[in-house]
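Number of protein chains: 2
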Amino acid sequence: MKKSVNIGLIGLGVIGTGVAKVLIERNKRVSEQAGCPIVLKKVAEKDLNKKHDVDINPNLLTTNADDILSDADIDIVIELIGGERPALDFVKKALASGKHVVTANKELISKHGPELFALADANKVDILYEASVGGGIPLTNSFKQDLLASNITSIQAIINGTTNYILSNMAKEGIEFNEAVKRAQALGYAEADPTNDIEGVDAMYKVAILATLAFRTTVTPDDVYLEGISKVAKRDFEYAKELGYAIKLMAIAKKENGAIELRVHPTFVPEDLLMAQVNGVFNAVQVEGDLVGRVIFYGQGAGPQPTSSAIVTDVINIAQDILLGYSRRPKFKLNTAKQIKPMADINTRYYIRINVADTPGVLAQIAKTLGDEQISIASAIQKAVDEKTQSAELVLMTHFARESAMQSALAKLESLSAVREVSNFIRVEA
Amino acid sequence: MKKSVNIGLIGLGVIGTGVAKVLIERNKRVSEQAGCPIVLKKVAEKDLNKKHDVDINPNLLTTNADDILSDADIDIVIELIGGERPALDFVKKALASGKHVVTANKELISKHGPELFALADANKVDILYEASVGGGIPLTNSFKQDLLASNITSIQAIINGTTNYILSNMAKEGIEFNEAVKRAQALGYAEADPTNDIEGVDAMYKVAILATLAFRTTVTPDDVYLEGISKVAKRDFEYAKELGYAIKLMAIAKKENGAIELRVHPTFVPEDLLMAQVNGVFNAVQVEGDLVGRVIFYGQGAGPQPTSSAIVTDVINIAQDILLGYSRRPKFKLNTAKQIKPMADINTRYYIRINVADTPGVLAQIAKTLGDEQISIASAIQKAVDEKTQSAELVLMTHFARESAMQSALAKLESLSAVREVSNFIRVEA
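Residue numbers (the numbering used here), protein chains in the order written: chain A, 1045 to 1474; chain B, 1045 to 1474.
Don't take every hint at face value.
Remember, identical chains collapse to one label, so a pair may be satisfied in a single copy or spanning two.
[Claimed, not checked] For lysine-lysine, the following DSS-like pairs were computed, each having C-alpha atoms within a straight-line distance of at most 30 Å:
| id | residue 1 | residue 2 |
| --- | --- | --- |
| 1 | Lys-1136 | Lys-1155 |
| 2 | Lys-1382 | Lys-1168 |
| 3 | Lys-1072 | Lys-1377 |
| 4 | Lys-1377 | Lys-1065 |
| 5 | Lys-1382 | Lys-1065 |
| 6 | Lys-1072 | Lys-1382 |
| 7 | Lys-1168 | Lys-1046 |
| 8 | Lys-1072 | Lys-1168 |
| 9 | Lys-1168 | Lys-1137 |
| 10 | Lys-1085 | Lys-1377 |
| 11 | Lys-1168 | Lys-1188 |
| 12 | Lys-1046 | Lys-1377 |
| 13 | Lys-1226 | Lys-1047 |
It should be emphasised that the hints constitute simulated quantities derived from the structure, not laboratory data.
Kindly produce the complete structure, drawing on both the sequences and the hints.
As structure tokens, this is what we get:
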């Protein structure tokens, strides 16, 4: 029986520091859960001059990740440098050397997951990534172990805390997008360059990981239709409220007749649904399965403590397996065949906000344009906005329509003389 | 390597029928997930004359559970007869014969869990019970595998669908308790004799199971303070709404300085919290841990389909372990020491509704009585209710107070001449 399980940690940023703290300060607890001592043996960090808020024996520190990857005594490598390279090379080398890997790297797993899972299999080790989606919320094990009997039909997820904070703040304070971004930055909820969050890239990585888990197939970020939140305006929130909706950046994955639809975009969510009540930096993942029905997992999707919780849990699970002399759990088999539904083919409802000339017959003209594309209107609100320019704002909620028809209708609407501008259109989910 | 994993199912009621359907109709899927054929080999049901909505080969049916318990070819026994006896005898015999057990029996697990876990250990088999709490919501694995790094400090759970349906309906429709019970019965959400649900017994079993998982100690139903929902009145909902609260039957388990407090009672929950938005027959379990923060698991807590999802998942997990030749997961160790906090020692806030004589000085008298017990008032509402009898209703929200002080104050209030009746008092959680 092994006397200890030895850990090499690569990356001592905010999350790495949090993980090191847990492994050091809660060593007794962690070791008890694992069944043997868990020893943090080496920590690789490029910039050792930076101050780190954790008391690590200086002898454990190195600037060279290879000191960990080449150390035959290290059983589990925790990769926390993020990004695609050199993380991919490090993780591959670790797996190829028969080391287990724990990672929080959503870009890596979403882009290279299947390749890495196969490499792990071939080397009889495991690669776990609970922290890559939803921080401390148990998600990967739920899909790998708990929801096995159901055919999963859909995932709707709020999985980016930054955008959820911004949108919640716009709704609550009645402010415009740019102002909300500034406030989020001031509070540390958005980065100096928030592009990856507000354009939905982070959510795209995460939904690819969730869809791969849920549908047992190799979904990649390229398969996901992507639209960020920067065009959502204060006025959209006003109409959403009037109509009984919240606006959320939803990551959606659905499976119907073998085809998978994947999209990340601002979404109208009926305000009586629990998902509409998920505010601030919190995350929530709603899963629907044919037996289990609707299940929601909610919690903190980011931050060093919840993320450490997930990473250390992965470490404990692998350590338990190592002690049992048992390699790679058989839980999770991927089918490489997949059929991605083109965005043009999705069916959903739409909110459309149009700036029109305030003259008779405008609504009839617009309704006809939509009708020609088989899109029917569920409700309409018209408000005068500027008497001088005689413009009005027309807000339409449609019944279910096909995306291709809607895109075609939007192009035609733009060309109507009475339409000054299609100000926004947002998809609606229930 | 084993060619198949053989199942014996005891109990063909609503849930048993659902499980048999999944094992038969989804056999390909279930077997694929398990890694080998899962064979439903025998089904024991006392009353074979009853019609069952599943197409089972009549040769598999028996009226004698012992045909399953004595069959050396059966690897996993699924116990779905419910109740304490004879379920306990069946499960003990199964474990003692080296059979794994899957059960949905909350009474059995909450009362005899530790004894059964030890018996399973001694016989190198497993006993899983995901379906005993929260239907298809993944809970037991989340505690056993996912929330390992955190010190769990509290659980607040809505884990009885019948009472949540009744309370949601009272809130929404403005009806009294008896009427809401009748409506729930008409819809099949409450049994003809709903005592176990409305008096909180079902929730008590479930919170004992959750607390055992969360705190790693042997909590039993006897440790839980219990109060049902039958005294919650329409008027309480009116005041709750006015004050910004929902009323829920909450199952609460908290741990502080080593002492565990356990209670099931009607509870005021601030309506801006997600838990206040859990309506109808849905369940939700909110867990707080020092690293993971606040996590909520939400879903359908009952019904044959969600429950089957949990049971079949347990079967698949055990089958995977059998195929790996690996007995009893090492995940979950119980500490038998426990310290239960007496109800008198808990600290919480209170809502008190008092019928008083509508005369000057009443509020001062009541405030003094509370003040003498170190209870301070956070807010007060007074409403005239009956001019003829000159009675008024006084509603008080207190700051945090000790339960023993509150009980003492309530007794004193009852004896004040100006107090006609303490109509209700309900604890408040945030």
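Against the structure, the hints:
| no. | hint | verdict |
| --- | --- | --- |
| 1 | Lys-1136 with Lys-1155 | within (14 Å within a copy, 49 Å between copies) |
| 2 | Lys-1382 with Lys-1168 | within (26 Å within a copy, 41 Å between copies) |
| 3 | Lys-1072 with Lys-1377 | between (34 Å within a copy, 15 Å between copies) |
| 4 | Lys-1377 with Lys-1065 | between (34 Å within a copy, 24 Å between copies) |
| 5 | Lys-1382 with Lys-1065 | between (41 Å within a copy, 28 Å between copies) |
| 6 | Lys-1072 with Lys-1382 | between (45 Å within a copy, 20 Å between copies) |
| 7 | Lys-1168 with Lys-1046 | both (17 Å within a copy, 21 Å between copies) |
| 8 | Lys-1072 with Lys-1168 | both (28 Å within a copy, 27 Å between copies) |
| 9 | Lys-1168 with Lys-1137 | within (14 Å within a copy, 37 Å between copies) |
| 10 | Lys-1085 with Lys-1377 | between (32 Å within a copy, 27 Å between copies) |
| 11 | Lys-1168 with Lys-1188 | both (18 Å within a copy, 24 Å between copies) |
| 12 | Lys-1046 with Lys-1377 | both (29 Å within a copy, 20 Å between copies) |
| 13 | Lys-1226 with Lys-1047 | neither (51 Å within a copy, 62 Å between copies) |
Violated hints amount to a single one, hint 13; each of the other numbered hints is respected by the structure.
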